[in-house]
Amino acid sequence: MSLRVARPILGGMPAALHPERLPPDRWIKVLPEGLYVEPGGFHIDPVRGVERAVITHGHSDHARPGNQLVFATPGTLAIMAQRMGEAAAVVTRPLDYGETIRIGAVTVRLVPAGHVLGSAQVVMEYAGSRVVVSGDYKRRADRTCLPFEPVPCDVFVTEATFGLPVFRHPPDLGEVGKLLHSLTLFPERSHVVGVYALGKCQRVITLLRAAGYDGPIHLHGALEPLCALYERHGVALGELRPATVAAKEELKGALVLAPPAAATDRWARRLTDPVVAMASGWMRVRQRARQRGVELPLIISDHADWDELTQTLEDVAAPEVWVTHGREEALVHHATQRGIRARALALIGFEEEEA
Amino acid sequence: MNRFAALIDALVFMPSRNGKIRLLAEHFATTPDPERGWALAALTGSLSFREAKPAAIRQLVAARVDPELFALSYDYVGDLAETVALIWPERPERSNSLPPSLNEVVEALQSAKRGQVMDLVEGWLDTLDASGRFALLKLITGSLRIGVSARLAKTALAEWGTLDIADVEEVWHGLTPPYAELFAWGEGRAERPSAGHGAGFRPMMLSHPLEEEDMAALDAGSYCAEWKWDGIRVQLVARDGQRRLYSRTGDDVSGGFPDIVDHMVFDAVLDGELLVAREGVVAPFNDLQQRLNRKTVTAAMLREGPGWVRLYDILFDGDEDLRGLPFTERRARLERWFEAVQPRRMDLSPMVPFHGWEELRALREGSRENGIEGLMLKRCDSPYLGGRPKGPWFKWKRGALTLDTVLMYAQRGHGKRSSFYSDFTFGVWRGAELVPVGKAYFGFTDAELVELDRWVRNHTTRKYGPVREVSAGLVLEVAFDSVHPSTRHKSGLAMRFPRVHRIRWDKPAAEADRHETLARMVVGRDAVA
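Each protein sequence line maps, in turn, to chains C and Y.
Okay, so the first sequence: first residue is 102 according to the numbering used here, each after it adds one.
Okay, so the second sequence: first residue is 476 according to the numbering used here, each after it adds one.
The set of hints was computed from the structure by calculation and includes no laboratory data.
Just so you know, not all the hints are guaranteed correct.
Selected chain C positions facing chain Y (Cβ under 10 angstroms, derived; list incomplete) [to be verified]:
| no. | residue |
| --- | --- |
| 1 | V151 |
| 2 | R389 |
| 3 | L397 |
| 4 | A431 |
Derived EDC-like pairs (lysine to aspartate or glutamate); straight-line CA-CA distance at most 16 angstroms [claimed, not checked]:
| no. | chain 1 | residue 1 | chain 2 | residue 2 |
| --- | --- | --- | --- | --- |
| 5 | Y | K965 | Y | E923 |
| 6 | Y | K891 | C | D374 |
| 7 | Y | K872 | Y | E701 |
| 8 | C | K279 | Y | E501 |
| 9 | Y | K870 | Y | E701 |
| 10 | Y | K872 | Y | E687 |
| 11 | C | K353 | C | E289 |
| 12 | Y | K865 | Y | D981 |
| 13 | Y | K891 | C | D366 |
| 14 | Y | K914 | Y | D879 |
| 15 | Y | K914 | Y | E952 |
| 16 | Y | K891 | C | E289 |
The beta carbon of each residue, even a glycine, is placed where N, CA and C say it ideally should be.
Produce the entire structure from the sequences given, and follow the hints as far as they go.
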């Protein structure tokens, strides 16, 4: 699996693709299978298996099986192997943060994106331009991954999951405080928190620990492998217990983490009169939280909120911005107002749910 | 304001009634006066100050936020107060000034002059966080709409202070926000405040449903019977020059019924059924529904759906408290009072004389006409007691109608039922298509719910968010009290109190009832009450 490719630099490129200056929209294309970097002959986060793929992070809408050669951080590769086994890639090429390589005619390096363990921005240089594809990112502190690093560039390709000014995530510890307060208010009820298995789960656990909660945390079976993986990568999570085999009595008043769908579905029936919480940036909008049957919404997100998105545009100071998956319209409008050339990039296959 | 905002937030998301009571009780226990009193006033709709209009709030936000970004956001969120609360640009210097207390907000609004309100609001929006802004905007637009009734707030207060809810309601209208003496009473620091005089609400006497097995133990000779009318129970209070119309839970509904209140030119407290009636003929409940939950009414509504009260009981005649008298004596007083006063837009609910339960049963079965829900049984010697004492009063609803329908959609429930598809929309055949005719979420046991949930999951044809469409394969025998014409439903019909009577696992969907059958069950407008 972790077979290293001896020569990641791939064969020579046609002369036409070696011009002095070529605007990035001439060498980065939106194809049905995803963003394609022509002079490098690779895709970024393709929606189906391709020859060569650079993968920004391990979420299933970005990292899909069936690629021949995958470039990604060791963290992301470990996550992909955990989730997909043999299907993750035929050959992998781990790229440490900051390590510079050439793929085809393009110079590539990966830079921390602050989204989840192993998540990276793709920094590409070719034909006199530097383009940064952000992948998914956030700007606030997270004990489970390295912080986002702004890289000045000519074109910044940004996500916009929370691309509306109503999305401002409050401080994380305050949100976790709500959960701890509810535990004291309803001590006999199980508290089940809907979290995505990769990233959110481990982040919520580290936040709980930071807020002083040192009791056991019960996990839905689907969350266990990635928690173990995080611990192997040096993220301490404290005492974790399987919720699936726990006695009903033990789960009274317990803190339980489960994937969002399980938290409100049949799986949760084993719990005693549970308080259903959900940790997601979408919880900011009440109606949305109520629709999901959530009693305790926790606004904890691994994506940049509006202020972080706009601040990032300032930090990377790119004269041109392409906006992908999310609410592109508002961010394009904002960027245009600030004198930045901005347009929406219609990529398919990204799910807003993993937020 | 922060504590109040946190309470509002928690209440918005709390699905269960008991949970809401817990949250409120905790608030009363941990929040000092007068903050908790103002919160109670806000929740019971007892605050009065100059309210802000939505247009003025839009204007405020337009000065701060790019209009295009606001429009996109409003479009996404869908609620003005919430959009403004979330989008309001926070200033870095916010941390320097403390957010206002609820007390400051209420007092400032009460003394504000027209034209000052929006300046105040703007200043507060700048110092509050998103939850605080949401609570403030809900407060100043005059409608919290967070699923907490005045009655529930009072119940929580009673629970917190281990008081009797009937006592709380009795004294309630003698008190004014922020209710310091009420909280002192609840904490055992003071005596019970004196009962509200004037136009206050008196706790109403409610009944229990009559079970067949109860009847054997009851002596028919000790009970009086009267019709149970299909409207809403109200209390009419005309004291000291003030007039109020209260719902069963003590909510003041006077504003919606000037046609009744205008004719309350007497000094008494009465108990009756609020109806819509045209020339003494009771209209379907649907017509009354058009007039409920409104603060004001239009002339057209008054003309098309005139209000009427059918009187059941008298609590006060002038200053004289009649509640301790036996029912038969109060009834005699009511008749004498009615004869003397001859109030307009009101009549007496007639007594139903009977000899023995069998005769009464026959009368009840025959009472299919408009406006009658069944019978009330009242023990002849029963005093008027607030609350729901078991024994003196029973309601004996007439037998339900039933219909075999086909399950069409199922939706997830809330709270304990959130993992179950427990809200069922059912339909009947019209030609070869199914048209929905109602929705039911009770009438089945927990074990049956597990079966229903499994059936829904195995027969889903489409999903729309929390709703699943299912294939036409399960017949639900639905019971309901009556059916009325409705313009809101595709079928043109609306059921009252539908519930699942039996699950017909055995019956093929094609053999379920047809739309024509249901349409024939509609009670005509012409039926004589």
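- Query: Which earlier hints turn out false for this structure, listed by number in ascending order?
  - Reply: Hints 1, 5, 12 not satisfied by this model.
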